[in-house]
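Trainee: If you want the building blocks of each chain, they are given just below.
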Amino acid sequence: MVSSSFLRHCMTGLTFTYRGAPMCDEVFFAVDEVFTAGQPIGMILAVSQQAAAEGVRAVKIDYEELPAIFTIEEAIEKESFFNHYRYIRRGDPIKEALAKADHVFSGVSRMGGQEHFYLETQAVVVIPKPEGGEIEVWSCTQNPTETYLLQCFGSLGTFC
Amino acid sequence: MHILIIEQSLYALVRNNPEPTEHDVEEAFDGNLCRCTGYRPILNAAQTFSTSSGSPKKACGPSDGGCCMQNADGELPVGCCKNKSKNEEPPITKKFTPPGFIEYNPETELIFPPALQKHKFKALALGNKRKKWLRPMTLEQLLQIKAALPSAKVIGGSSETQIEIKFKAMQYSVSVFVGDIPELRGFSLEDEYLSIGGNITLTDLEGVAKQAIVKHGPSKSQPFKAILKQLEYFAGRQIRNVGTPAGNLATASPISDLNPVFLATNSVIIAKSLEGDTEIPMNKFFKGYRTTALPGNSVIAEIRVPVAKETGEYIRTYKQSKRKDDDIAIVTAALRVSLDDEGLVECVNLAYGGMAPTTVQAKNAMEYLVGKAWGDEEVLEGAMNALESDFNLSYGVPGGMAVYRKSLAFGFFYRFWHETVTELKGTASEADDLVPEIKRDISFGKRDHDTAQAYKQRVLGQTKEHVSAMKQVTGEAQYTDDIPKSTNELIGCLVLSTKAHAKILSVDSSPALEVPGVVAYVDHNDLPSPEVNWW
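Chains A and B supply the protein sequences, listed in that same order. In terms of the numbering used here, the first sequence opens at residue 1 and continues consecutively. In terms of the numbering used here, the second sequence opens at residue 1 and continues consecutively.
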């Protein structure tokens, strides 16, 4: 789901052309509202992975639950749409074409397609360097360009 | 999974059995999932060690790609895995020059270190205030520990407990490893039953079941065949090497593949404590979700699985999971029926896993079936109706998939019915083609070098190796986790929302900061400006 305030910030901000796919509408750390289970809120830093995992479980968060949308039907009903789609238009407008068609079939089609789910565990090593705020990033990514941009904007560097 | 772990599986296979069959080779990788190189080249390489497809194989260098067994003149020898298909692959041009591989000879293996072979196991106690480990070496020691510390967590293979620790954050301050107690790992083949030690590994249990099948012949050994069949698809080899029957029972996993067999065969559990032995029949053992009738001061010492009748008794098992190998069941069942001379049901057990918070029996269907004529169409109809009342899963049932799980439970009974009726009457039924287990053949695959030929350009249409492929398959590649720790390095772990949509009212990180080893909590407030939080 889209947080409109952030969207607005992004649209007007300098960074609009650089950041976030497909649209700059997400935050690294939730600010006052979460939009999905599993959204990052913060990060525990510890001397070992075990201690960090234990620390994460100890953080207490109070929520006020808000209505959530779980199905496409609900989303349509509540007009919760992404506003960054593109149209491909060729020939007659759909309505006119259908009106002229000899046969019109109607029904519902469902697709199981979804964004790639990364099965493997993810890890990144970030090593701050003494020279001019330089940082070295070892990242298991298929998107080195964005990893590089993150460094440029210092988002990773802030909590190293 | 890391290629090195796959190589370890292969090494363990060849070390234990220098002449594995193709099936042995494939089974050795049951528990290995691979994401980086693909199974085909791994299995092709591993199959060069198998013997079933022909003469002893030579491990040699794939100097020009293609098959590792290729002769200098490019002829594939008889028995090569690639000879299965007549469409031989054209040689691949590779820049990689392999080192001169040495023929594998089991004789040259390092011997098992004699010092370790002579090692005398002794009882151990180690740990600190937070976490203690005990390892008794005799049953007596274990019972004393259980009497003194009834809450101590008994650990066999830990395949279930580790999941609890990792995903449910369970804390066990005292753990007792029982896998080295010889008295709990034995077995004996009796005339009326098979006795197995609670902590026999599932791999060893496979061997024991095979012995019991030989001893008791085809009819009476049906319970052991059922055990063997369930073990075939019970996790992977690595898990079967450590998992135990007592672990299945004590953790009362509702989708254990083994517990339905114990339940359907009316097995008996012998629990021991310092006060003496208790016999617990299987149908009294499971009390509720993850709870059992095992007293706190007792351990599961022995399980007695009775043999079947010589005639008129039928036992079958079924399992459906998302993937055939190495997967947890959605529904699993062990079904048993015993008929009198007239073909009427004397007693019946329909034990299911995955249908309730514990392994359960379909009591209504069992009650209905007693005294009815097995093979009568009306009885089948009636049994199905009774099953419907046994398994009336609601849509909100834990684990979900209510309709699918019901269909599986009914489907298993339907298969059991037709399988046994066919055997009983010696006639074919309309469901014959639905009954047999679908088994996967030995995997095979080939690379397609032709399709892209027509589009071949300087770069496009060429077969290109992944840039780090050689490093990955030789185990040379370094992963993030392999990077040595830097000074002052900290590990970050994300705190994630547990709600689908919610306002965050407050975040209190102070309890986390009291956990030993935790250094800091960061969130959006720690960023230099709100802008860098945008993504």
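Hints in this document: simulated from the structure, not taken from any laboratory. Computed from a predicted model, the values in this text were never measured in an experiment. Quick reminder that beta carbons are idealized off the backbone N, C-alpha and C, glycines included. It is possible that part of the hints are untrue.
Unchecked claim - Quick look at which bits of chain B chain A covers, simulated, 3 or more residues with Cβ under 8 Å:
#, region
1, 475-483
2, 492-502
3, 517-526
Said to hold, decoys possible - The calculated label-pair distances, taken between Cβ atoms and stated as ranges, are:
#, chain 1, residue 1, chain 2, residue 2, range
4, B, Asn-17, A, Gly-133, 56 to 66 Å
5, B, Lys-464, A, Lys-78, 41 to 51 Å
6, B, Glu-279, A, Gly-38, 45 to 55 Å
Stated by the list, open to error - Heads up, simulated SDA-like pairs for lysine to any residue below, C-alpha to C-alpha not over 25 Å straight-line:
#, chain 1, residue 1, chain 2, residue 2
7, B, Lys-153, B, Trp-133
8, A, Lys-60, B, Ala-500
9, B, Lys-166, A, Lys-95
Trainee: Would you mind marking each hint as holding or not holding in the structure?
Mentor: Verification of the hints:
Under the rule that three or more residues need a Cβ within less than 8 Å of chain A, the assignment of the region 475-483 of chain B holds, with 4 such residues. Judged by the Cβ-Cβ criterion of 8 Å, the region 492-502 of chain B is covered by chain A as claimed, because 11 of its residues qualify and three suffice. Evaluation of the coverage hint for the region 517-526 of chain B: fulfilled, as 9 residues show C-beta separations to chain A shorter than 8 Å, against a requirement of three. Remark: the range hint 56 to 66 Å for Asn-17(B) to Gly-133(A) is upheld by a beta-carbon distance near 58 Å.
About 47 Å separates the C-beta atoms of Lys-464(B) and Lys-78(A), a value consistent with the hinted range of 41 to 51 Å. Our hint of 45 to 55 Å for Glu-279(B) and Gly-38(A) holds, since their Cβ atoms are close to 48 Å apart. In summary, the hint linking Lys-153(B) to Trp-133(B) is supported, as the alpha carbons are separated by about 10 Å, within the 25 Å threshold. A threshold of 25 Å between alpha carbons decides the hint, and for Lys-60(A) with Ala-500(B) the separation of about 17 Å falls inside it, so the pair holds.
Taking the CA atoms of Lys-166(B) and Lys-95(A), the gap is near 55 Å; set against the 25 Å cutoff, the hint is violated.
Hint 9 from the earlier list is the only one contradicted by this structure; the remaining hints agree with it.
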